[in-house]
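Chains as they are written, first to last, in my numbering: chain R, 1 to 280; chain A, 1 to 280; chain S, 1 to 280.
By construction, these hints were calculated from the structure, which means they are not laboratory data.
Heads up, a few of these hints could be off.
[To be verified] Pairs of lysine-lysine, DSBU-like flavour, derived with a Cα cap of 35 Å: (1) 220/S <-> 123/S; (2) 234/A <-> 245/R; (3) 220/S <-> 159/A; (4) 181/S <-> 235/A; (5) 235/R <-> 235/A; (6) 123/R <-> 245/S; (7) 220/R <-> 235/S; (8) 234/A <-> 234/S; (9) 220/A <-> 243/R; (10) 181/A <-> 235/A; (11) 159/S <-> 181/R; (12) 220/A <-> 220/S; (13) 220/A <-> 181/S.
[Said to hold, decoys possible] Simulated restraints on C-beta separations: (14) 1/S <-> 5/A: 30 to 38 Å; (15) 83/R <-> 271/S: 39 to 47 Å; (16) 77/A <-> 224/R: 46 to 54 Å; (17) 80/R <-> 82/A: 43 to 51 Å; (18) 35/R <-> 4/A: 42 to 50 Å; (19) 249/S <-> 205/R: 18 to 26 Å; (20) 271/S <-> 183/R: 37 to 45 Å; (21) 181/A <-> 79/S: 47 to 55 Å; (22) 224/R <-> 80/A: 16 to 24 Å; (23) 82/A <-> 1/S: 45 to 53 Å; (24) 181/R <-> 221/S: 24 to 32 Å; (25) 20/A <-> 23/R: 43 to 51 Å.
Built from N, CA and C at the ideal position, the CB exists for glycine as well.
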Amino acid sequence: MIRGINCNIAANAVIADSIELGDNVTIGYNCVIEHNVTLGDNVIIECGTVVRENTLIGNDTRIGANCIIGEHFMDYYNGINTQYCLNIGKNALIRSGTIIYGASDIGDNFQTGHHAVIREHSKIGNHVSVGTMTDIQGTCEIGDYVRFHSNVFVAPNSKVDSYVWIFPHVTITNDPTPPSKDMRGVSIKSYAVIAAGALLLPGIVIEEDSLIAAGAVVTKDVEQFSVVAGNPAKKIADIREVKNKVTGESAYPWRYHFDRAMPWEGIGFDRWMKESGDSI
Amino acid sequence: MIRGINCNIAANAVIADSIELGDNVTIGYNCVIEHNVTLGDNVIIECGTVVRENTLIGNDTRIGANCIIGEHFMDYYNGINTQYCLNIGKNALIRSGTIIYGASDIGDNFQTGHHAVIREHSKIGNHVSVGTMTDIQGTCEIGDYVRFHSNVFVAPNSKVDSYVWIFPHVTITNDPTPPSKDMRGVSIKSYAVIAAGALLLPGIVIEEDSLIAAGAVVTKDVEQFSVVAGNPAKKIADIREVKNKVTGESAYPWRYHFDRAMPWEGIGFDRWMKESGDSI
Amino acid sequence: MIRGINCNIAANAVIADSIELGDNVTIGYNCVIEHNVTLGDNVIIECGTVVRENTLIGNDTRIGANCIIGEHFMDYYNGINTQYCLNIGKNALIRSGTIIYGASDIGDNFQTGHHAVIREHSKIGNHVSVGTMTDIQGTCEIGDYVRFHSNVFVAPNSKVDSYVWIFPHVTITNDPTPPSKDMRGVSIKSYAVIAAGALLLPGIVIEEDSLIAAGAVVTKDVEQFSVVAGNPAKKIADIREVKNKVTGESAYPWRYHFDRAMPWEGIGFDRWMKESGDSI
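If we strip away everything but chain R, and leave its shape as in the complex, we get (with noise of 0.2 Å):
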């Protein structure tokens, strides 16, 4: 073992001789640690955490009681040596009771909620919060800044941009003619909000600044600052139009007022964006 300074190990913890730690790193009770991983400076792991083989996780990261981090899939079981590896970014906060797949990279700044799923194969960008008992499939990309919210179900080849909102219970998925082989991924486009309970069928694209109604059972392409709610969903509204009912203020696109963590906090979207030299 590899150990850098001021690590505080519990005595029960069952550690592999070939992981690496880096300064301040804290393991709780019960905790296991399997060969091959890597936790940089001031990782604090809690008690009953599994973290499985050929994981890296980044400094600052911390993981609640009772996760399990590098999950085994299907091969492990079937006695394949594979040598998948998940990486996790700096800076996560990991509730307790997560479970996250090998064979999947994560930025930095991630959030779980508690009982999160996220399955192999995703890719997730920087500053990505998954709410609790949401269920990412896997084979996802998911870009940064997106919010997924309690509950959420997101089929495999889901594909989310940046700065997407999606609430809780929304449902997306990925086969036309359930049961088949012929699987095809939305696409949520960014800055789209995907209210709660909305569910969306197989293979459509919500484009960017359009609004989901809670509840919208979405059979059909969504255009750019649409509003669409019913079962079957329809457009009720131009989404420039809706307004904050308390204040009677323009409420979207949300970019222009609405900025909690996001990377234009305190100075505006537009001036952000003239910075920053992004592009939409």
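We have chain R already, so just place chains A and S on it with the hints.
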């Protein structure tokens, strides 16, 4: 440690010196009990459960395996030394996999299903049941004899009065123009019934003795005695006209037709009201 | 303890004397195995899992970390000494975080996702899969080759015949006038498909070869070959007219178009029926 008579603590449990145990307390294998925890008489904590600091648990409460009771919140990870306390009353049954945060007050005769999550700063009355995988997001006020069935989502700032039934996969929201900082909790009045899969939009008020039909998407306030259904929900009946399909008898207001585990069990609602001097 | 050859038991696992192990059994760190448990040959139990008393697990079954197998039910906490037994067949793959109660019978080749919950007194056939966070409430009858995807709710007294597909976030209810004591389970016949987010009302019968569209709220019985959609659900097509959008070919009844992991894989449904002498 202060401990009563006949306690049964597993040899490998990790127990802080500062805890206080009543009589006949059982603590299972692999448990971790942190400092300033007080457990009443006859408390049972099954294996692998963590009880965080400053938790107070009443007599006769039983906690299943792999729970986290008094879970840390963000402050903890940010190094802020708060002294939040979780109180759980007498005679609770907290089933395995449940996570309850610190800084909530929970009454007597509480129950949870499995993998339930209850966040911080909630006030929960007596005889409340929170089903499997239900997610109560914190800062909620919940009365007595409320039953949340499986997999209900309850947004922050929701208010649920006493004698309310909330069935599986109900979603209770709080943000009228997501994403925003303008949260408006739903209010559900006594004796209301929210059937499976219903979705309640932010800020609406569900009046007493109403019935939200299964799958309804409720976008505006619901009056007393109303039955609403559909997406968006519309009034389809007066609840006093709804019959039990088998017996042909009136089924609502349910408080006159159902009494299992209610305080009027065996004596009827009217007599109980009269005797208890309570008012609706 | 009776144990076969080549068993590999973690030093800190807690194991009752009365258990019986086949050959090549592996028991991970921090496991608790209670009395009267029998594990077949090649069984693997990963770390932190609890196997309760009177559980019988068949050969080649693999159980992930942090599961509870043979969970106590209310009787236990009330001090009643029941002798309920859980039987799990051969070659199961029970993924981490799953909770299965005592007093159920589960066939061979069973699978679960993560955090699944299966309550007591259920009868589950062979080749059944129960997805991540799916909640089967007990006293259900489930045939062979049934697939519950993620986060499905199945009320007590439901009956699901063989070769049925139930996709994510489906809710199956059982109380026509909630709250009541008059439970009426849903019945789903063979070869039916319940797409994502659908909601089935109490007591309805879903006939063979029907398709419940995503998000449908089904309030009455569904006939063979029907496709129903909407809230409330209405018949929108005959299933035999539904085409695969990519290939333009018929997609249903799916048993003629899909065979992965089905007993007719590679030979076609008709030939399999003829050879097996089975009847629909």
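Hints versus structure:
1. Straight-line distance between C-alpha atoms of residue 220/S and residue 123/S comes to about 26 Å, which keeps the hinted pair within the 35 Å bound.
2. Using a Cα cut-off of 35 Å, the hinted pair residue 234/A and residue 245/R holds, with the two alpha carbons roughly 21 Å apart.
3. The straight-line distance between the Cα atoms of residue 220/S and residue 159/A is roughly 33 Å, inside the 35 Å bound, and the hint therefore holds.
4. Between residue 181/S and residue 235/A, the direct Cα distance comes to roughly 26 Å. Compliance with the 35 Å bound is thereby established for this hinted pair.
5. Between residue 235/R and residue 235/A, the direct Cα distance comes to roughly 23 Å. Compliance with the 35 Å bound is thereby established for this hinted pair.
6. Taking the CA atoms of residue 123/R and residue 245/S, the gap is about 28 Å. The hint holds against a cut of 35 Å.
7. About 20 Å separates the Cα atoms of residue 220/R and residue 235/S, which keeps this hinted pair within 35 Å; it holds.
8. Between residue 234/A and residue 234/S the CA atoms are separated by roughly 18 Å; this keeps the pair inside 35 Å, and the hint holds.
9. At roughly 17 Å between alpha-carbon atoms, residue 220/A and residue 243/R fall within 35 Å of each other, so this suggested pair holds.
10. Taken as a hint, the residue 181/A and residue 235/A pair is honoured in the structure, with Cα atoms around 31 Å apart against an allowance of 35 Å.
11. Restraint check: the Cα-Cα separation between residue 159/S and residue 181/R comes to about 27 Å, which is no more than 35 Å; the hinted pair holds.
12. Under the criterion of a C-alpha separation no larger than 35 Å, the hint pairing residue 220/A with residue 220/S is consistent with the structure, at around 27 Å.
13. Proximity of residue 220/A to residue 181/S is assessed by CA-CA distance (about 30 Å); at most 35 Å being required, the pair is judged to hold.
14. At roughly 33 Å, the beta-carbon separation of residue 1/S and residue 5/A lies within the given 30 to 38 Å, and the hint holds.
15. At roughly 41 Å, the beta carbons of residue 83/R and residue 271/S sit within the given window of 39 to 47 Å.
16. In this structure, residue 77/A and residue 224/R break the distance hint of 46 to 54 Å, their C-beta atoms being roughly 38 Å apart.
17. For the hinted restraint 43 to 51 Å between residue 80/R and residue 82/A, the CB-CB distance of approximately 47 Å keeps it satisfied.
18. Taking the beta carbon of each, residue 35/R and residue 4/A are about 45 Å apart, inside 42 to 50 Å as hinted.
19. Between residue 249/S and residue 205/R the CB atoms are about 24 Å apart, so this pair conforms to the stated range of 18 to 26 Å.
20. Between residue 271/S and residue 183/R the Cβ separation comes to about 27 Å, which falls outside the hinted range of 37 to 45 Å.
21. Hint check: residue 181/A to residue 79/S, Cβ distance near 50 Å, so the stated range 47 to 55 Å holds.
22. Between residue 224/R and residue 80/A, the C-beta spacing of about 42 Å breaks the proposed range 16 to 24 Å.
23. In this structure the supplied range 45 to 53 Å holds for residue 82/A paired with residue 1/S, their Cβ-Cβ distance being about 47 Å.
24. Taking the beta carbon of each, residue 181/R and residue 221/S are about 31 Å apart, inside 24 to 32 Å as hinted.
25. Checked against the given bound of 43 to 51 Å, the beta carbons of residue 20/A and residue 23/R, roughly 37 Å apart, lie outside it.
When the structure is compared with the earlier hints, violations turn up for hints 16, 20, 22, 25 and for no others.
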